[in-house]
Amino acid sequence: MTTASIFRRASTVAALAAAALAATACGSDFLVEDPPDIIVADNLYTDPAGFEAGLNALYAEVRREREGRSGNNELSAEPWVIGVDNGWGNFISTSERVFTEWGANTHSQQDVFYDTWTWMYQTINAANTIINRAANPDIAWTPEERDRVIGEARLFRAWAYRILTYMWGPVPLVLEESNGTTIRTDWERAPVADVRAQMEEDLLFAEAHLPEVTTDASRLSKAVAQHYLAELYLAMDRPAEAQAKAEAVINSGKYQLITERYGVQATQPGVPFMDQFLDGNVNRDEGNTEALWVLQWEQNVAGGGSNIMRRYWTNRYYNIRGLAVSAENGGRGIGRLAPTQWALDLYEPGDDRGSAFAIRKYYIYNAATIPSGHERGDTLWLTSHPEEASDETFPTTRKWEWVDPLNVSGDPQYNDQPYIRLAETYLLLAEAQFRQNDLAGAAATLNVVRRRAHASEIDAGDVTLAFILDERSRELLTEEQRRFTLLRTHTWYDRTRAFNGRSGALITPRDTIFPIPQAVIDANIGAPMPQNPGY
Amino acid sequence: MSGSSVRRAGRLGAWLLALAAPTVLLAQQPTAVVRGTVTEQSSNAPVVAANVAVKNGSARTQTDERGEFTLRVGSLNDTLVVSRIGFQQVEVPLAGRSAVTVVMTRTAVQLSEMVVVGYGTQRREDVTGSIASVDSTRLQDKPNTSVVQALQGATAGVTVTTSSSGAEPTIDVLIRGRNSITASTDPLVVVDGIPYDGPLSEINPNDIASLDVLKDASAAAIYGSRGSNGVILVTTKRGTPGKPRMSYDGYVGTSEIVNLPRMMNGQEFAAVKCQHINDGVTCTPDQIPEALTPSEQEVLAATGGTDWLGLATRTGHQQQHTLSVSGGDENTRYYLGGSLLDVSGVALNDDFDRYTLRLNMTQQIRPWLSLGTNTQFARTDRSGLRADFSDAFFMNPLTRPYNDDGTLTIYPWPEDIFWNNPLQGLDAVDRDINDRVFTSNYLEVDLPFVEGLSYRLNGGLDNARGESRRYYGRTTQIGSEVQGRAILDDDRRFDWTVENILRYTHDFGRSDLDVTALFSSQSSTVENDGLTAQGFPNDVLTYYQANTAALLEPEASQTRRRMLSQMARVNYSFDDRYLITGTVRRDGYSGFGANNKYGVFPSLALGWNASNEAWWPTGAVNSLKVRLSYGLSGNQAVSPYRTLSRLTDMPYVNGSNSAPGYRPSTLGNPNLKWETSRNLNLGFDFGVLDGRLRGTLDLYQTRTSDLLLARAISPVHGITSITQNIGAVKNRGAELQLIGRVLDRGDLTWDADFNIAMNRNEIVDLYGNGEDDVLNEWFIGQPIEVNYGYVFDGIWQEGDDIAGSAQPDATPGDIRYRDLNGDGKISADSDRTFIGSLEPSYTAGLTNTLRWRQFQLSALLTTVQGVTRSNSMLATNQLFPEVRRTGVVREYWTPEHPIDTYPANREGVNPLAMPIYQDASYVRLRDVTLSYNLDPSLSSRLGVSSARVYVSGRNLATWTDWIGLDPELGEQRAVPQSRTLIGGVAFAF
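First to last, the protein sequences are chains A and B. Counting from 1, one number per residue, gives the positions in the first sequence under my numbering. Counting from 1, one number per residue, gives the positions in the second sequence under my numbering.
Next comes chain B alone, as it looks inside the complex (with noise of 0.2 Å):
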């Protein structure tokens, strides 16, 4: 570990200690009530829904979500029988104790049984909607920066792209398919209950205790307004009672890159420079130098060419150390938890560093009234600027990257000043600070008086604060043509949440009856602040001299939004075989207009426990449940102030003073309103075998009117977009997922769990009148997404009847485009279709886990099949006239080499700049995990309740036919896909 790594791991000590000294924990009152706690004896997970019984006696109860129960006894001295499908009977005889922990073990592969639903629980048998359950055990022992990362191949239906590599990655998550074509896709994501807008790369993934996802309208119209993507809720890690338990998870690990297209060096650039001078005709070694300018001759010569992506990159490392402490009482619970996380990413200077601080904690104060807290403050340090990676890949390799005293060239090309050095942000000063406490806060107050009838406060707030500040001196081009740029920018974000919940259940005996009433307001305020600064003395005080700035341009501005909400639910359910679920919410937003400011999102939920009927046969079907739903829900996803025609800043300057300019830039909407899903959802759940094999398929439809467009309009407006809600589009599908254990022979065991979905996606109106619009590429009946144009038909080869074709002017090596209408011209009227497909056929997932003994081996396989995508990497315009830019190592048509599949290299080989597409399935085997976990009986000599040893890699292998960085990632010259591996090590006593 290095010096500044003992640091920062001794300043997370004291802010452990400095928490840790106000929770003050209560005395317990003696009682004939015995409470407890049941968890998985691997895990230390809550076991849900466990059946507590009084041996021999009639008492009994159920855990809740967190594993807890509450049991009145006749004696202390009785002895309590704990058991669970799925896990071995325990029993605890209480000797004197009135709080107990129940430790119990697994007997088989387990669907999560207790569900997250939104404004509560629920039993997995009672779930109406389609959620699907992360275990947590895929949140362990991995490389995630971020939880959502846990997602990836884990759940049919729930598409988690790595859209840029770096040390801080970005993931985006598609829920169900593209319900909007221009608003945000964004699954709404609720930590601990309340809405969360950060990044989830500042929450500790290491914090969390289970991931649900809402998939289906009647789980997410609960959400309303904001559940039409789909729900993800996060639920953070709670003490459990009994002795206090210290844990330590820590790993250590390094990256490499991977999947590196092969670009050209400089022998290969000058040769295909001069190609291309000489009109794609391969040049003689004599003819080369000619090509090149004085300074690409020196470079040649010297050096041989420069590397500018290996200047840019380097090994990473990245490390986790977490630390934590959980117990309490029957009154008290409390889980602090405080983690470092350190990435040096492959690029240089790109660097994620995170430290958090958690407090879980809940108090029953009166056996009526209880409050708790889940806070977390998290400080992400992304300081450092990478390389420009666009510029890097781009970058002519004959040019010199370090003047001789060793410092950043400023132009690395003197002949061609277009050119900064890529490396030019290695030499900024920048510092990227981000401080955010997010807290979910409730008060539960049971209404003695009327059996079953609760009221609940929920508080959240989210502060963060982002402090931005970067310095360009005067060995950077962007430095030196102004003397020096500061870039000051500050912002701040206050967000609150109060919710009212009132819930009412009742047990009539054979049929449960469940209320829930919400009435809730929201608040989101960002503050921006900026300033950019320039022209100073010289450099020394970096971003510290705005005040002797020669121009300074201050920069300010607020975004708000607010929403008001109310929301009621009702389950039903009879003799646990008829389930019915029922909700309606309403809700208000800012950002529509006046006449448009609420909306109403029912739905309706029914459930068919089929196997619980008596006449259900025994057989190989053990379970079976089916489930169907359809209800609506809304997208709100646009941003405020839409329904405001708006201007932008145009300043002028009378003779050297500034004159203040603006123009309208921005058409207001004052109809603006939400996007609308309906959805239908048919799901059924089974288990065969014993439950050895259980899955969950799931069918469904939604469609999504009034879409929030930012339609280009025609620019004879003056302004080429507007935001409205026009259109509909229609997603269908199917998920499977299947969970089973393929092998149980004594010590070795081997699960699967498969996922696979597909989903089809469609345009079915835009604006009304059945007609395409082509400007922004929407057609109805294609998908969202399409690639659209001329088609690719091969290169023009010498002989061929080039002047009666539909390119007289073509010469052999160019790109022959498909005359689609046979009508001798190409034109975009008429020879523009649409080639391949955006939208996977579909994407799967495939975990295979191994225990043997206290073994364990587990490999996650990931694929996208069925997608073709542009690829920038062999666009034929990339090289620039003359050769001003590299590219990969490709061939080219020659008359020699008369291929059919890339033109010529010379300028003018594909005049309507086609984009050359590529099949961008892949296969990739993920995540490898490895781990050991101490034998009981030594580990209790160690003096540790448990102990386990890891090693895990990353995006170890890929298959794919793709040609560039990565097929999963969007833009191709950037940060590189990275294979890491690391070690760890997690303990507990």
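Just chain A, with the same shape it has in the complex (with noise of 0.2 Å):
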């Protein structure tokens, strides 16, 4: 062989290396990532669509309160509902015997405050998102398209730090979009009083920017806006501005009590209060002129969820011989939660709130066997009676009584519920008018509530902060956060340790304020995160 064509050979079989190294070096791009199925906010904040949809995961968020932390267990709730002076741990499961035995059992590893401390965070650092990123000047929007974004997103961050602040008391204040290049292991808590400025300056912004009505009251409005400030500048101790901001709210017109019957249950006997809880009736354009804001959920459509309210506070009356689940009877419960005999006896007779169409007085004997002694169709009458631990016989609320037409003793529930409603409204203008001694104006505000209600008027000299409390239980049983509510009036302590049969006597001043999750504190190695006291 020559070397000539040695060479040549050696030159061939170069060039086809050559071209098989060609044919897998792909360019330098090949390394690069741009994955085609995922969303990042890079890509979604760049037109008022991609906000949008950054604000339908903030109405989900709030959504959560009445889903479970654990698929269809663990209310949301819980913690604000039980514990109280009106509500109680009815069955002992793990997050009920945090807030009904309390003691060794409320301690800083419980899942309960890990869960609502990171769904609150989850959902502040959604709406800083939408907040930074609407700042972005590419966007083509005008300024109020823009400015009504930024106030939605600024109300849920509001109404996740008032949250935060009631369970906690000092919390970190976040306001920018976490970054992954810069995680933080020094945060620190920020002075209740600085974060409810924050707070304030949020409301005031989506105030300014919401619109006066939604067509549902699916979505955010001034009045939800007006709402919170007139809770939070009575939480700040200024009544004035309080009771100017639910007035606000009451005077524009927009919104009326309901005091007459309507919607889908209209021709049936009923009281005009528990209308407006019947599926069909919640919403605005379904004729409910009271609701402020009303939570959505929907059978069968994506991002329909659903909610565990029933689940929780209707009561395993199916475990009594006789009873099988039905419509009639209230539908499928596990009866964790229930009001307490104390707030079942609030109601004097005439009060609609108090009535058996309001409150689950009775279930009707209709199972396959029935117990000798009764016929079916006979009538069991439920009373009030001392709490005491799995007591399926206990009255409890009709508010969250609703059933799949398809499938009677089905656990998921799906109808639209209302979450603020002007009644509330109204109760927080009697308490600014009663701080600030207009006794009169209390009364005749209160009395505003009572007469929808059929319960009989008071005068100036009924009004009492103890009245008020009271009057909020008999209106908003088992709807209202009540335990934010006594915390605000700085009467949880004394009230619950009166009022809750089961719990009272286990609490101690400690439980004011609930420990700060370890996780957090174990995180924090770069600067203390002083524990609550006595955790």
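Everything labelled a hint here was simulated from the structure, so no lab data went into it. C-beta: ideal position from N, C-alpha, C; glycine also. Watch out, some of these pointers could steer you wrong.
Facing chain A, a subset of chain B residues (Cβ under 7 Å, in silico) [as the list claims (entries may be wrong)]:
1) 294
2) 415
3) 481
4) 551
5) 558
6) 562
7) 590
8) 597
9) 641
10) 656
11) 662
12) 669
13) 722
14) 771
15) 828
16) 881
Build the complex from these two chains, which are given one at a time in their own frames, with help from the hints.
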């Protein structure tokens, strides 16, 4: 073989090898990631529709309050609806134990604290992302459109900080979108006053830029901002401003209490008060003039979700011989939570809110086998009595009764529900008036609410803080974030001790504020994150 | 054999024919060159590195990794002499033949001599890294569904754990401890040279010729960024020249549940429930009914209780049949194999069927050009949904599984509809099929103008398609709530690898040089489409009616990862005494940040065959080799797209319309890069007593830094974790493997193969500031995985000074926590500590093999010692308030029975919810196999070249203190461990 032929062969082989190499070297962008299936902040928040999608998630965050922390279990609202003067844990699972038996059960490693904290800061981060990115000048929208989006996001942020401060007192105040390159381990708890100042600023911005009403009250309006401002000013001990904000809602002319029967069951026996909770009556476009904010669920729609209010509040009457699950008996509940005996006894005769239309006071025998001495169709009457664990005969509210017509014993619940009602705005107004010693004004305001329920009218001499709190319980039983109301009025410890037959003796002053989740303390290795006293 | 098995076998036969037809064997061309193959008599495995010489001549060569050789001879009437240490020498008269098959018989125990090292093979004597080779006989005659099961107890430093049981068990492999905290610790698997991401259970173990495990960085560094967890190299069988050989291997067997913990029966449950409700005080018989709900009382009276686990399980069956044809001539080698595996597990509906078809073929086209393929088609069928074992373990026995008409109840406990029927999966319609073509192909060019230079192009494809269909009708809880639910899921994988390899070898006389250079690119793409549909008019059309659904929720995703790599390796050996290997690899990975796409991984290794020195004394120690290596390897096991901040779906509704919503869910990290492991390894290979005892000792230390940590961060960020490169861990360990002939007495021999390994794992650094991370339970100076919590200090007894203790609220019968710092209170900050070790103090395996004439009996013992784990079976909250779940039979504290080991049977005994820990060490007789090889004289009379019958048992006995399903299994309320017995036959002609 000649040198030349070796060379020719060598160059052929080299060319082949080079071609093979070239075939596999796929250009400089071979290693660049461009995922076609993933939404990232940089490609979502580029137009108004992207921001609307961001806001939709915030609505879904709020809706979680009436959903389970763990599938269909652990009602997210539990920390603020039981362990108070008017609510208790009728069946003890882990999380009910925390707010019923207290003591050693209420500690920093309970999931309920971690879950609630994480939920709130997840909401805040989602809101901050919208607020920060709405400042981008490249987005094609009007200043009004932009400010409405920012206003909604800021209202959600205030909503979350409100729950955080009531749960834990001073908490870290975060106003910027979290970023992967700046992970902090040195968070500091901001004084409650600082957090509230930020909430005030956020809510005032929302008030200025949100529409006066929205078509079905499922979206945020100016009235919602004003309602929360009224409550915030009461908490900040500024009752005159609270009064002004409450009156702004009441006098806007856009909302009225439901005083007449209406809607899907208008021709059947009932009371006006309860009509607004019936599926088909809840939204503004269904005739409800009272709701400022309605939470939305929908069966068989993506994003429809489901709530567990009936599951948690309706009792386990089917454990009683002769009773089976039915729509008449209220649907399937597991009776984890119940109103206290004291709350059930608060109603005078004739008060619609304490009637059998509002409180479950009887069941109809309907099971395959009926215990001897009774007939199918007989009525089993319930009465209030001292709280004792796992009592399936305990009366409860009917506000959350709902059944799936296709599956009476089904668990999930898809009905829309009022979240903030004008009646509560009246009660905030009465509290503001009381705080300014306008007892006559307060009595008149309370009477607006009482008159609708056909309760007797009161006069100025009847008005005390205790009366206002009692009235709130009568009106808002199981709807209200009761613990927060009692903390705002510095009455949680005394009233829970006095009126909660199950937990009253078990609470201590420590329990007025919850333990910071241990995970938050453990992750904060760069600075001390002091635990609340006593934990 | 059942009718369906016959049909399956028929289908298999059809496939074999279809694939065999195009296998055209090229015609022979007469030449003065002799080609041949050397195989081992009993296993038919190739004999590598055998010396082949012309008798009374000078021409000589060695067989390659396939046992093949090519030798230029003076005449086709010469006689070849084939020799090999450990084998009897054979003389083969050519008698005019240019292709021969030489069969050798072993004389003594051997470590396998030729080693697959990645991008090539090496003689065992030349290896400088720590590489364990697993004898192919470990793959034989066992009920393995996956080839990695053959690694269990086989080699030191490779920990194989059956983490979940079932028809297709989940097998975890951990090589030399945990190098990574949150990134994967799975080794890289390379099948016939191509990285393989699929489950190894989708490859027929009977097609495997050898398994080699690269353990240290010098060996694994050639796989660079994917090497730090070790590498398993799987090599499939190849044909041998000569007469076509057809072989069959098949077994059938059954399996039974073993180690099932004793769960409460109906009576026991009723008593425990009553005691619990009665605040821990034992009930009188007439109190018990009051504690039960009406339906519980009815079940207790009617049937005494339901054995839910009994209803969810059965006797399992399994069978496997493999048929293969292999052969070839001097230019063509082929292996064609088909197999059928049919496993029915001990859980009802837990089935795993696998059909494989493999064609391995090599073709010499020109003296300088050859090509080949190793291709497997596999269909795996995992259809069928088993019962929910977690629910079945927890299910109240006083509940009804069936309605009066024999259908499953939807809510077995009418008063507590939290509980679905654990058996509802048995009523679901489920289809789960995977088809996979995995093919590794090469083209090799010898460049004759530069002696020893060759170019090889490897192309690998993994094309897989999975199809899952499931329907829950109205007889299931899931279906009844939504009027039927159909879940459809399709995924498609398309992975390719292209490797360009240049290799240069040169023999300088006393020294040898071997240089390998690689340029490769890889891409992996997985596309997924899913659809969930619910709300149907009826159940008749199962998952074929999405068009009528009330709600349709489609889902689609794509995951893509890509790599670009260059690698160079130099092996140099001098006089068979001094060895040096140097490698460097550069990898680029798409999943890392723009500034950190590439990493470089060098390594250097030295070897010294001390016993080849002239001065080496003759004596007890016949051979000694010392190896020393140091190198870097990486772990890129982080999912794609981690550098990007991502949002998650969180939709809402406007009226009855869906309102799409998104919220931030993941914090991206643009600086992500790989974990880097620096590994130092010192190894000794030795043989004593004329090779009767051989062994390997390795000592190593690995420090892995820039760990890819899914670090839990303060929830204040609104997101609770982020992937970062932080911290470092260290692994130190020692491994010893001893192989010896214990007894050698004529017909009777006894061989023992023992290995033991210990590894100490330690976090060296986390965030650079010396701080522990209590939230993640990562502590500097401790292993990555720890038991961390309060310390069990017995039970509070009556008469104890409770009021003056750290638990003033406690009552007798509660758990006493140890007040570690003695400050008079129990707090999370100061009273939690480390409890035992989750890392074994050592693991060991022992295989004993007895041979007597044609009989062989082998037994494998494995053990894991020194492990403490929390035992969920003993958790104090397992019964739930009001006893809504059941549990194991156990004793409880009562005033009359004041034990100090377990609290009272009531709520509130363990307010800090500490787990109960137990020693999870065990010794297991894992496999026992008895086989009989037909006497050659007898088999030839039957017209077969070899025949074997065998029986084998798995999980025959386990010794442990653990109360629960099994100390080896992760989840304790899962498919139980089973004992499998098989009987099989193998023959070839």
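The hints, checked one at a time:
Because the closest C-beta pair between residue 294 of chain B and chain A is about 6 Å apart, less than 7 Å, the hint holds. With a cut of 7 Å, the hint placing residue 415 of chain B at the interface with chain A holds, because the nearest CB-to-CB distance is about 5 Å. Nearest Cβ of chain A to the Cβ of residue 481 of chain B: about 5 Å, under the 7 Å cut. The hint holds. Given hint, residue 551 of chain B at the interface with chain A, holds; its Cβ is 4 Å from that chain's nearest Cβ, closer than 7 Å.
The interface hint given for residue 558 of chain B holds, since its Cβ lies 5 Å from the closest Cβ of chain A, which is under the 7 Å cut-off. With 7 Å as the threshold, the beta carbon of residue 562 of chain B comes within range of chain A, its nearest partner Cβ sitting at about 6 Å, so the hint holds. A cut of 7 Å between beta carbons decides the hint on residue 590 of chain B: the least distance to chain A is about 4 Å, and the hint holds. Hint status for residue 597 of chain B relative to chain A: holds, with the closest Cβ pair at about 5 Å, below 7 Å.
Nearest Cβ of chain A to the Cβ of residue 641 of chain B: about 5 Å, under the 7 Å cut. The hint holds. The interface hint given for residue 656 of chain B is met, as the beta carbon of that residue sits about 5 Å from the closest beta carbon of chain A, less than 7 Å. This hint holds: residue 662 of chain B has a C-beta 5 Å from the nearest C-beta of chain A, less than the 7 Å allowed. A least Cβ separation of about 4 Å between residue 669 of chain B and chain A falls short of the 7 Å threshold, and the interface hint therefore holds.
Given hint, residue 722 of chain B at the interface with chain A, holds; its Cβ is 6 Å from that chain's nearest Cβ, closer than 7 Å. Annotation: interface hint on residue 771 of chain B holds; nearest CB of chain A at approximately 5 Å, less than 7 Å. Given the 7 Å rule on beta carbons, the hint for residue 828 of chain B holds: about 5 Å separates it from the nearest Cβ of chain A. Taking 7 Å as the C-beta contact cut-off toward chain A, the hint placing residue 881 of chain B at the interface holds, the least distance being around 5 Å.
Checked against the numbered hints above, the structure breaks none of them.
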